[in-house]
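Protein chains in written order, with our numbering: chain A, 1 to 370; chain B, 1 to 370.
Careful: at least some of the hints might be erroneous.
Copies of the same chain look alike in the list, so a pair counts if it fits in one copy or across any two.
[To be verified] Under the rule of at most 27 Å between Cα atoms (straight-line distance), these lysine-lysine pairs were calculated in the DSSO-like manner:
| hint | residue 1 | residue 2 |
| --- | --- | --- |
| 1 | Lys366 | Lys337 |
| 2 | Lys363 | Lys245 |
| 3 | Lys245 | Lys181 |
| 4 | Lys337 | Lys187 |
| 5 | Lys245 | Lys366 |
| 6 | Lys363 | Lys91 |
| 7 | Lys181 | Lys129 |
| 8 | Lys252 | Lys366 |
Rather than coming from a laboratory, the hints here were simulated on the basis of the structure.
2 protein chains.
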Amino acid sequence: MNSRRDFLQKLGLSALALQLAPVTNWAAGSNNTTKTYDGPLLRVAIMGLGSYGTRVAEAMRQCTKAKLVGVISGTPSKITRWQSEYNIPEKNCYNYENFDAIKDNPDIDAVYVITPNGLHHDEVIRVAKAGKHAICEKPMTVNAQQGQEMVDACKAVGVKLLVGYSMHFEPHTLEVIRMRKAGEFGKIKFFQGQCGFTIGDPNQWRLNKALSGGGSMMDIGIYAVNGSRYMTGEEPIWVTAQETKTDPVKFKEGIDQTIQFQFGFPSGAVASCLSTYDMNNLDRFFLDGDDGFAEMQPSTNYGPIQGRTNKGLLNQPITVHKTVQMDEMAEIIFHGKKPVVPVDGEEAVKDLNLIDAIYLAAKTGKRVEV
Amino acid sequence: MNSRRDFLQKLGLSALALQLAPVTNWAAGSNNTTKTYDGPLLRVAIMGLGSYGTRVAEAMRQCTKAKLVGVISGTPSKITRWQSEYNIPEKNCYNYENFDAIKDNPDIDAVYVITPNGLHHDEVIRVAKAGKHAICEKPMTVNAQQGQEMVDACKAVGVKLLVGYSMHFEPHTLEVIRMRKAGEFGKIKFFQGQCGFTIGDPNQWRLNKALSGGGSMMDIGIYAVNGSRYMTGEEPIWVTAQETKTDPVKFKEGIDQTIQFQFGFPSGAVASCLSTYDMNNLDRFFLDGDDGFAEMQPSTNYGPIQGRTNKGLLNQPITVHKTVQMDEMAEIIFHGKKPVVPVDGEEAVKDLNLIDAIYLAAKTGKRVEV
């Protein structure tokens, strides 16, 4: 198994395009998958043209309700390349100095912020002040306080703030959530989320605290945090955590290498999770109830997601996560659609609250009530 | 999936006999599986004729190096039944008052103690004083101090003290250990042991602190403790633990319902484990290294044990755990054979030390150095 990061790094545009060939335009929870969409297209500018931005842009080629129309980047050569690749007009291109002027651009509805975590807070608030809807990659920012400020800023000007929780639209995931809500697993007792990979280049921004806000927790660990909530359907009331660091050169102060963390839920259910930048072969969710279980492995990777329950293999469609996410976000923004699991800023603040608590518990060695 | 306890409870003698039909007399690590054994038979008396004692007795029918020849029980009707079932002479039958007289019985080599945990300490010491080898079910006793006293008592009189760690002879388990030692998984980073089942009858001895010494940890959790050690090949240096109790009527003071616990190892590897009397569908070991992994599921149940590694499915023989264990114990006692993973009293004291630390960590909420 390749690590997620390696996988990203190895993928070039052509490989990505190839991978996208068998796209299923499956919209989670939607009843109109065969109906032609006649609503307005969500016209999106992507901020941050790195590998993840490229992934989103490629996935958006298959969108029917959203369209990439603009870019924001500090690198003129990247802008030129994207203009040519995605047919983006000059008037929809911005840099980090001038993008507030997007306010006066009637051809852009939303900005998708795909920059390092530590920059999201200020950038999203600038997007909001420009009167555009903000879509922000996860983690939305580096702590709950900043997250709440972003929510408040968007609310103040009446724009939407959505977060790139693509798993919230993933069919296998949604089927497990449906089964859990229908009581098919009985009383839920346990969730396990193991998320991690071996990170490569020691000089990347993800290992720079000012840009990343933290280590594995701020990259891959958030999947286990978020998954603990949507898989169990409960909000944790306590957190314990144990950090292990064997390589303090690569993983400097404030950059977590490996954190084990546990949650307790109001029902008495518990979660056991692992977030790491130092292990391979990890991508497993396990939800256990009195009457059954669900195991997903891979559970959050670019997939394909695979899963089984006590009733057998899950046979949901394979989707390109970001294609579905962006089409669904058009429905949320324009038609007020309520996704099965929220993807708004408030949802992200809940995760950030838990990440704050995990870091505190790891540092103090004490159980943190949340 | 049935719980281990349910499975035991549902099994009658005939079902057990049926299950034993396709027995493979596979001796772990032995080179003479096809050779006829010409050493002395290990002549064993079983102390404690409950469901687990019955399991051992049935498994021993297939032994080639060990033989059930005696019983010790407080229930005369059970003795009568076992005499008839296993052809046991009157002179090899004892009760809890008179079994010290076994000292003068030249036809019994060893006593296998299969009574409630809380009784093992005194009983094993009496067996030792009677000059017989002691085989004791796990957990060997209820804390490390008592365990050390048992080791010392057996050493003082020169008898062997062996513990019923049947997984130490299980072929899939041994293959994973072999691969790990050969470096086939690379540097080991993580172990996960999830052990538990939903316990039935609230009045059973296992939920009575005086007899059990604890809850799930003293029954099923010890498999994860022990597995953490033999799977990684390291001894933990720190322990953290979190206890959850939702049913204080069934799980009284000192009887743990669910405990999550974590270990840290000298190499920087970590373990994440779960011990519970309140969940189904749990029986998984996962060993993760830089170059590969092993997943066993079921990992310690009566099986059959199933496993896979990054190289594919494990195809080791299916064995009856207690048959192999007892044949191997004959080799250990009479021929000084060294098993791949020790099964002696010192090995058990290491587990008990960790269980002591887990209970302390759960109670104080603090990391315990060991």
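Do the hints match the structure? See the list:
1. Lys366 to Lys337: So lysine 366 and lysine 337 fail the 27 Å test inside a copy (41 Å) and across (46 Å) alike.
2. Lys363 to Lys245: Answer is both; intra-copy 12 Å and inter-copy 26 Å each pass.
3. Lys245 to Lys181: between (38 Å within a copy, 24 Å between copies)
4. Lys337 to Lys187: For lysine 337 and lysine 187, neither the intra-copy (29 Å) nor the inter-copy (48 Å) Cα distance is at most 27 Å.
5. Lys245 to Lys366: Close inside one copy (18 Å) and across copies (19 Å); limit 27 Å.
6. Lys363 to Lys91: Cα proximity of lysine 363 and lysine 91: none, with 48 Å in one copy and 64 Å across.
7. Lys181 to Lys129: neither (39 Å within a copy, 60 Å between copies)
8. Lys252 to Lys366: Classified as both; 22 Å inside a copy, 25 Å across copies.
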